[in-house]
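Protein chains: 2
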Amino acid sequence: MKIIVDAFGGDNAPLEIIRGCADAVKGLGVDIVLTGREQEIRRVAQENGISLERMEICDAPDVITMEDSAGDIMKAKSDCSMALGLRLLAQGKGDAFVSGGNSGALVVGATLIVKRIKGVRRIAFAPIMPKNKGCFMLIDSGANVDCKPEMLQQFGIMGSIYMEKVMGIKRPRVALANIGVEDHKGGELQHSSFALLKNSGLNFVGNIEARDIPDNAGDVIVADGFTGNVILKLYEGVALMLMGKLKDIFTHSVKNKLAAAVVLGDIKALKQNFDYNEYGGAPLMGCSKPVFKTHGSAKAKTVYNALRLTKAYVEGNVVDEIASSIARYGADEK
Amino acid sequence: MKIIVDAFGGDNAPLEIIRGCADAVKGLGVDIVLTGREQEIRRVAQENGISLERMEICDAPDVITMEDSAGDIMKAKSDCSMALGLRLLAQGKGDAFVSGGNSGALVVGATLIVKRIKGVRRIAFAPIMPKNKGCFMLIDSGANVDCKPEMLQQFGIMGSIYMEKVMGIKRPRVALANIGVEDHKGGELQHSSFALLKNSGLNFVGNIEARDIPDNAGDVIVADGFTGNVILKLYEGVALMLMGKLKDIFTHSVKNKLAAAVVLGDIKALKQNFDYNEYGGAPLMGCSKPVFKTHGSAKAKTVYNALRLTKAYVEGNVVDEIASSIARYGADEK
Numbered sequence: 001m002k003i004i005v006d007a008f009g010g011d012n013a014p015l016e017i018i019r020g021c022a023d024a025v026k027g028l029g030v031d032i033v034l035t036g037r038e039q040e041i042r043r044v045a046q047e048n049g050i051s052l053e054r055m056e057i058c059d060a061p062d063v064i065t066m067e068d069s070a071g072d073i074m075k076a077k078s079d080c081s082m083a084l085g086l087r088l089l090a091q092g093k094g095d096a097f098v099s100g101g102n103s104g105a106l107v108v109g110a111t112l113i114v115k116r117i118k119g120v121r122r123i124a125f126a127p128i129m130p131k132n133k134g135c136f137m138l139i140d141s142g143a144n145v146d147c148k149p150e151m152l153q154q155f156g157i158m159g160s161i162y163m164e165k166v167m168g169i170k171r172p173r174v175a176l177a178n179i180g181v182e183d184h185k186g187g188e189l190q191h192s193s194f195a196l197l198k199n200s201g202l203n204f205v206g207n208i209e210a211r212d213i214p215d216n217a218g219d220v221i222v223a224d225g226f227t228g229n230v231i232l233k234l235y236e237g238v239a240l241m242l243m244g245k246l247k248d249i250f251t252h253s254v255k256n257k258l259a260a261a262v263v264l265g266d267i268k269a270l271k272q273n274f275d276y277n278e279y280g281g282a283p284l285m286g287c288s289k290p291v292f293k294t295h296g297s298a299k300a301k302t303v304y305n306a307l308r309l310t311k312a313y314v315e316g317n318v319v320d321e322i323a324s325s326i327a328r329y330g331a332d333e334k
Numbered sequence: 001m002k003i004i005v006d007a008f009g010g011d012n013a014p015l016e017i018i019r020g021c022a023d024a025v026k027g028l029g030v031d032i033v034l035t036g037r038e039q040e041i042r043r044v045a046q047e048n049g050i051s052l053e054r055m056e057i058c059d060a061p062d063v064i065t066m067e068d069s070a071g072d073i074m075k076a077k078s079d080c081s082m083a084l085g086l087r088l089l090a091q092g093k094g095d096a097f098v099s100g101g102n103s104g105a106l107v108v109g110a111t112l113i114v115k116r117i118k119g120v121r122r123i124a125f126a127p128i129m130p131k132n133k134g135c136f137m138l139i140d141s142g143a144n145v146d147c148k149p150e151m152l153q154q155f156g157i158m159g160s161i162y163m164e165k166v167m168g169i170k171r172p173r174v175a176l177a178n179i180g181v182e183d184h185k186g187g188e189l190q191h192s193s194f195a196l197l198k199n200s201g202l203n204f205v206g207n208i209e210a211r212d213i214p215d216n217a218g219d220v221i222v223a224d225g226f227t228g229n230v231i232l233k234l235y236e237g238v239a240l241m242l243m244g245k246l247k248d249i250f251t252h253s254v255k256n257k258l259a260a261a262v263v264l265g266d267i268k269a270l271k272q273n274f275d276y277n278e279y280g281g282a283p284l285m286g287c288s289k290p291v292f293k294t295h296g297s298a299k300a301k302t303v304y305n306a307l308r309l310t311k312a313y314v315e316g317n318v319v320d321e322i323a324s325s326i327a328r329y330g331a332d333e334k
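Listed in order, the protein sequences are those of chains F and B.
Quick note: the first sequence uses our numbering, first residue 1, plus one each step.
Quick note: the second sequence uses our numbering, first residue 1, plus one each step.
FYI, nobody ran anything at the bench for these hints, they're computed from the structure.
Take these hints with a grain of salt, some might be off.
No copy is singled out in the list; a pair is fine if it fits within one copy or between any two copies.
Under the rule of at most 25 Å between Cα atoms (straight-line distance), these lysine to aspartate or glutamate pairs were calculated in the DMTMM-like manner [claimed, not checked]:
id	residue 1	residue 2
1	Lys185	Asp11
2	Lys185	Glu150
3	Lys185	Asp68
4	Lys185	Glu67
5	Lys299	Glu38
6	Lys75	Glu182
7	Lys289	Asp320
8	Lys75	Asp183
9	Lys2	Glu38
10	Lys289	Asp95
11	Lys198	Asp320
12	Lys255	Asp266
Bound-form chain F, shown alone (with noise of 0.2 Å):
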């Protein structure tokens, strides 16, 4: 397998990037194509002494950051490394497509270079998140502000497709972020897709409450960008005060740091599961191939989290099965 990875994409671009793929090179037994600038990241590997070894490398000047638009990878940016994976994964040189980049300009580039899968009306962020146990997928988390209920169907499906044969779940949870339990509650919007979803062929247990995410409602959490961005958002809000606050309570006297040194282990690794990088990013949904977003402040062991997801995503003939589910439920919404 040939994972085209954006060596220039995130904060920690290229050296985290780098040494994440070169643990995947050993670690998964994948082939990695670099793109972005080849001789700095030939030297920045030299440097520190990571083997290049299965790692092609594609030459290309340019870098796509936060501060662009999303539209720029199509414009001012097309010559970036980002949109250069994309055409890379477009034309067959690859299996998937791996960026720490800006999120919008992915979703952008996927759409309009890698294209949809037929049916799909419109490509999901899905970030995979972490609950009181295990994680879920929240979709769509913020690449579609309005949505049609046709939409929602389609995430539910492309949604429960990746959990199950990426994340392993058996017919997953799928639930919509509502105001209330009963079918009715919400708006329009939620009560057509309600409609739509009970009617997919889906484990669909319908409604739920926001204050139920956390607390294990569902494994495919369906939502419009906008609400779905907001639950993204303060999930990792709400997180950080806490920590924050648990932070100062531990620091703030001599026996509170004592108690804080006994518990250490423990609250780290309540942090670390709570902690985004843990489970790599998040896959977009929808392309007909497949490309997968990691965090922008990720290090080499996310790096590795995200090319073992995207080895899973290729492997689980994921873009397939869910070009034939919507081809199955999608064909009279159309």
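Starting from the known structure of chain F, arrange chain B on it as the hints suggest.
Then chain B, alone, in the frame of chain F:
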């Protein structure tokens, strides 16, 4: 000042309600009108040695429960303690009304019995919530699923007045809940609301991301009721889940239990800081007279806090201030 209180609203009614009222008579110097089953109120007060001094009782045979639909307050349950309280308020038999009962019914009843301030489009449910330092108002958090931009503008105006007059925050920072900080972020509702809020004479700090809400992004967070409800409930859900995880850590071994004993007081204080009960509840904004919703699980202390805030709601002339602001800024939007 005379505050009408629903003696049968919430899980701990009537005992904890009566107890909180008795404390408020002493501590706040307010007079109380209790609505509900008179005999039961008198019996519970006597059995628990609670003085009913400066408390009037208005008999209401029925109670609206969480299982009843909101509209029942005008139909099957028009004889309930909540409906009676609202009627007494509308008739001028008291200065404000407090209930811990069914929130939906309270919004419907307040709208139809107490009525809105002239020019106010919708009554909003606006809980006061904890953040990193202090608290903020989330308006609307569920009363209005579908919102128009003019409604969000009014939410900002009403919230700003409440936070200044009742919570003592000078020039409260009003922020629009959005999926990015840039002016153009969000959907149509956010675009139009942004423009209106900017021209409302408020201390409008613009769009904020959900991630920053717990970290002091604003004193008044404006949202449509769907988004607000997701924020309200996820906030609680993430906090509960993390507190649960912390409890697991602190009880899973003897050494951890010993460490826990050292920091117990601090952890409890943290938990309390994130306990909505501490903040007493949520004012309904836009009613022609002050209506305040206290927690369904409220105990005497929370009822007392709710009465304290309700007293400030009356004394701050919040209703009159809103009426003149709405007349000033909302006139051309009708």
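key: Unsatisfied constraints (hint numbers, rising)   = Result: no hint breaks.
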